Amino acid sequence: MLLVGSLISCTSEDTTKIEATPPQDAFPSTYIPAASESFVIEHATILTGTGKQLDDSSVLVENGKIKLIGQNFFIAKDMKRYDANGKWLTPGIIDVHSHLGVYPSPGIESSQDGNEMTSPVTAEVWAEHSVWTQDPGMQLALAGGVTTFQVLPGSGNLIGGRGVTLKNVFARAVQGMKFPDAPHSLKMACGENPKRVYGNKGRLPSTRMGNVAGYRTAWIKAEAYRKKWDEYYESLGGENEKEMPSRDLQLDTLAEVLRGNILVHNHCYRAEEMLIMIDIAKEFDYKISAFHHAIESYKIADVLAKENICSAMWADWWGFKHEAFDQVRENAAMIENAKACAIIHSDSAIGIQHLNQETAKAMAAGNKNGLAIKEKDAIAWITSNAAKSLGISDKTGSIEEKKMADLVIWSHNPFSVYAKAEKVFIDGSLMYDRLDKNKQPVSDFDLGITEPEGERL
Amino acid sequence: MRNFTLRLDKSKSVFIGLLTLFSINLSAEDFLIKNATVHTVTEQGVLENSDIYVSDGFIMQVGSGLVVEGKHTVIDAKGKHVTPGLMNASTHLGLVEIGAASSTVDYQTNNESLGASFSIAPAINFLSTLIPQNRINGLTRAIVRPGGGRSIFQGQSSAIALLSDPQGLIEEDIAQYASYGVAGANISGGSRGSAYAVLDKALEEANYLRNNRSRYLAGFDWKFSQSVQDLDSLKRVLEKKIPLVISVHRSDDILQMIKLAKKHEVRLVISGASEAWKVAEEIAKANVPVIMDPILNLPGSFESLAIRLEGAAILSKAGVKLVFTGIDWQSTHNAYLVRQSAGNAVAYGMDANEALKAMTINAAEVFGIENYGQIAIGMEADLVIWDGEPLELMTNPDHVLIKGVKQPMVSRATRLRDRYWDLKNIPQKAYIR
Chain A
1 MLLVGSLISC
11 TSEDTTKIEA
21 TPPQDAFPST
31 YIPAASESFV
41 IEHATILTGT
51 GKQLDDSSVL
61 VENGKIKLIG
71 QNFFIAKDMK
81 RYDANGKWLT
91 PGIIDVHSHL
101 GVYPSPGIES
111 SQDGNEMTSP
121 VTAEVWAEHS
131 VWTQDPGMQL
141 ALAGGVTTFQ
151 VLPGSGNLIG
161 GRGVTLKNVF
171 ARAVQGMKFP
181 DAPHSLKMAC
191 GENPKRVYGN
201 KGRLPSTRMG
211 NVAGYRTAWI
221 KAEAYRKKWD
231 EYYESLGGEN
241 EKEMPSRDLQ
251 LDTLAEVLRG
261 NILVHNHCYR
271 AEEMLIMIDI
281 AKEFDYKISA
291 FHHAIESYKI
301 ADVLAKENIC
311 SAMWADWWGF
321 KHEAFDQVRE
331 NAAMIENAKA
341 CAIIHSDSAI
351 GIQHLNQETA
361 KAMAAGNKNG
371 LAIKEKDAIA
381 WITSNAAKSL
391 GISDKTGSIE
401 EKKMADLVIW
411 SHNPFSVYAK
421 AEKVFIDGSL
431 MYDRLDKNKQ
441 PVSDFDLGIT
451 EPEGERL
Chain B
1 MRNFTLRLDK
11 SKSVFIGLLT
21 LFSINLSAED
31 FLIKNATVHT
41 VTEQGVLENS
51 DIYVSDGFIM
61 QVGSGLVVEG
71 KHTVIDAKGK
81 HVTPGLMNAS
91 THLGLVEIGA
101 ASSTVDYQTN
111 NESLGASFSI
121 APAINFLSTL
131 IPQNRINGLT
141 RAIVRPGGGR
151 SIFQGQSSAI
161 ALLSDPQGLI
171 EEDIAQYASY
181 GVAGANISGG
191 SRGSAYAVLD
201 KALEEANYLR
211 NNRSRYLAGF
221 DWKFSQSVQD
231 LDSLKRVLEK
241 KIPLVISVHR
251 SDDILQMIKL
261 AKKHEVRLVI
271 SGASEAWKVA
281 EEIAKANVPV
291 IMDPILNLPG
301 SFESLAIRLE
311 GAAILSKAGV
321 KLVFTGIDWQ
331 STHNAYLVRQ
341 SAGNAVAYGM
351 DANEALKAMT
361 INAAEVFGIE
371 NYGQIAIGME
381 ADLVIWDGEP
391 LELMTNPDHV
401 LIKGVKQPMV
411 SRATRLRDRY
421 WDLKNIPQKA
431 YIR
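Going down the list, the protein sequences come from chains A and B. Position one of the first sequence corresponds to residue 1 (our numbering), numbered consecutively onward. Position one of the second sequence corresponds to residue 1 (our numbering), numbered consecutively onward.
These are calculated hints, taken from the structure and not from any lab test. One should not assume that every hint holds.
Here are the in silico distance ranges between beta carbons for each label pair [as the list claims (entries may be wrong)]:
1) A/K339 to B/I426: 17 to 23 Å
2) A/E307 to B/R415: 23 to 29 Å
3) A/M209 to B/D76: 52 to 58 Å
4) B/F302 to A/E62: 44 to 50 Å
5) B/F302 to A/N200: 41 to 47 Å
6) B/R419 to A/E231: 49 to 55 Å
Quick look at which bits of chain B chain A covers, simulated, 3 or more residues with Cβ under 8 Å [said to hold, decoys possible]:
7) 291–305
8) 344–356
9) 388–399
10) 412–422
Keep in mind that this is a model prediction, so the values were computed, not measured. Glycine included, each C-beta is placed from N, C-alpha and C at the ideal position.
Whole structure, please, built from the sequences with the hints as guidance.
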């Protein structure tokens, strides 16, 4: 079987170069949006995710896409209308750090599928192959307004494998949830976890310097592999056609990172470790999309702004490890203030249900200390900035014309503790309605689990 | 508006004389908090535009337009809300600095002879960085409890005020803890059946020992299922001097524990209580308080399948006395987030005043903590002045008073924040304290 790769460079004299094509996903998305009718959401307070708040405004949705946004536009008489008077409308919430499906509920021995802790570099594993699509946590996240989430491998390894971005829809197979054309991600981890896991096994890495040696060793191999394959592709059809190199699943993934086709999501708490990781990325010419659990981002907000690296953060978690000891509640607000990219993530099947609440706390903490961050800005932390880090901001994450109609109608200002996601649309289809039990999905697991004739909730 | 101002003349009042006997802050500053929305957590409910006079560490007057004599500091709280300082009823505050650094963890013991007799009181570190971080975010009291260990009984908890001083210890050994369900089974032979037998036998033996203590001679090898000192510790449970807090989740497991508590006539408190709402009527009827984190709704285990966000509201409406903790996975480092959990309980149907009670007076009553939990005359002045509605997420404290003493709004985290608030002149940062 031929692996079709993309070229990132070739000499200008080379007239025989092949067309660069993205590598085919061996497990392509089969997601098809549920049937959607055209509709308009009227009189909403809209947070667009692009830094704007529109009062008493409407959004017209056609064919699953946002068609128009404004206050006065013609609507066909028989068009479905949702009155959102007194309610708020935001883009669908996006969580960049979830383990739904790979550490599903209930958490039992046989379902711990998120961490392949048998070797410090396991770039060959893909989180999507562990996803149990019937994790009841997914429906709970939907009720919290989450329309898209990234499932990542755990942080036990230096390089834990590929993450996958999913639409929060019911499907029999993970392919049916895969966000169409979303790039894969690569999970990397700094600090305590990998060195603890492998140090306890008596092998490298047992120290932070061992961690760094581990990443660099992997990238050196990956660079040679990428070069060999790219030279092979370039030679195809030419006079000196090269023999096809042998394929290595682990290096396939790493080479795709080096080609820019897979985005790096790097679990990293401490400022000095983040700065080391930035230098490693420069050494091997790849880009870090986001640091996750970035407890100490506030110490290097200027660098993160300059390097255009997002920080995915908790609002207030701290202290469970030494590397999480220097948390400040103003972290996200300080990142925003430095004009760097702030994201609030969950890493929790409960937290994912309340990302709006976590964002509210993080914003308020900054404002209490003198900043003036508005809801219209902070909503980006769980919508457009999250989409940007996942490489899907051209498709979702904001209320803009032509974007996917991934939308949430909130009962109140979403930054209030009393706010509930009332209606959740994915690609213009109403996937959850708090006011209509028939529009509240339940997983296979939920059926008959607490009483034979009912559902769990 | 109702006005229940009680004008007290300090020099003449017998009441004041009694209070000063208990006061440890005789030199405390006096405060007049003015024009606040006061959440009294009493039958008075919420008082608009009201004042609170704090003297010698106690609440002396509550009402509108108070005029007080003597030296005092006025805190203008117009547009602000005041609640009692909040309490989290299930924490390891002072017993852990860094979760993954075992040298800083003191809430459990691997010593097999220490089960019910294990007391965490001597281990509490009042200089922990967690105490100021929680204090400046509105938590002024906590139950500090043991957790884990090798016995089905975890030992005894203490009540603290969040002071960075050993005087924060309010009372030690105020409740006994045990596990049932999955955790109880795991530690007692792998079955709920064995967990029940172990608990039942321990209470029976403790009762026997209590009644036959004079027959016990030092050095004589009595064959009990628990150590003699552990059984001795259960005496106070059997005498109903302290409650027995049992961690239990599945609804039918909860009923088993109610049965066990009846048999041995102990004061049961249920903790965790994922599926308690399903047996709310039975719990109310048995007059058993429930300690729970109302934000939890994940069926994380087969013993918590029916857990739901409406659970707290259902229990509260059934008349169960609720005591809140939260947020589960950060209920020590961020014990103050019990407020967010309570807000979610209200969002899902619980009465807001009942939610405040679950973070104040209910905990005081269940654990027997006196003079705390309400804004009422004679209470110790644990007060938080909030910049908005107390259960809202965007609300933060402006001022925190503990026992009448205004606390500095500083923690290690705010020091770090201030150091890096601007990123100029980094090498000089080391010299700025």
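Hints that the structure is at odds with (numbers, increasing)
5
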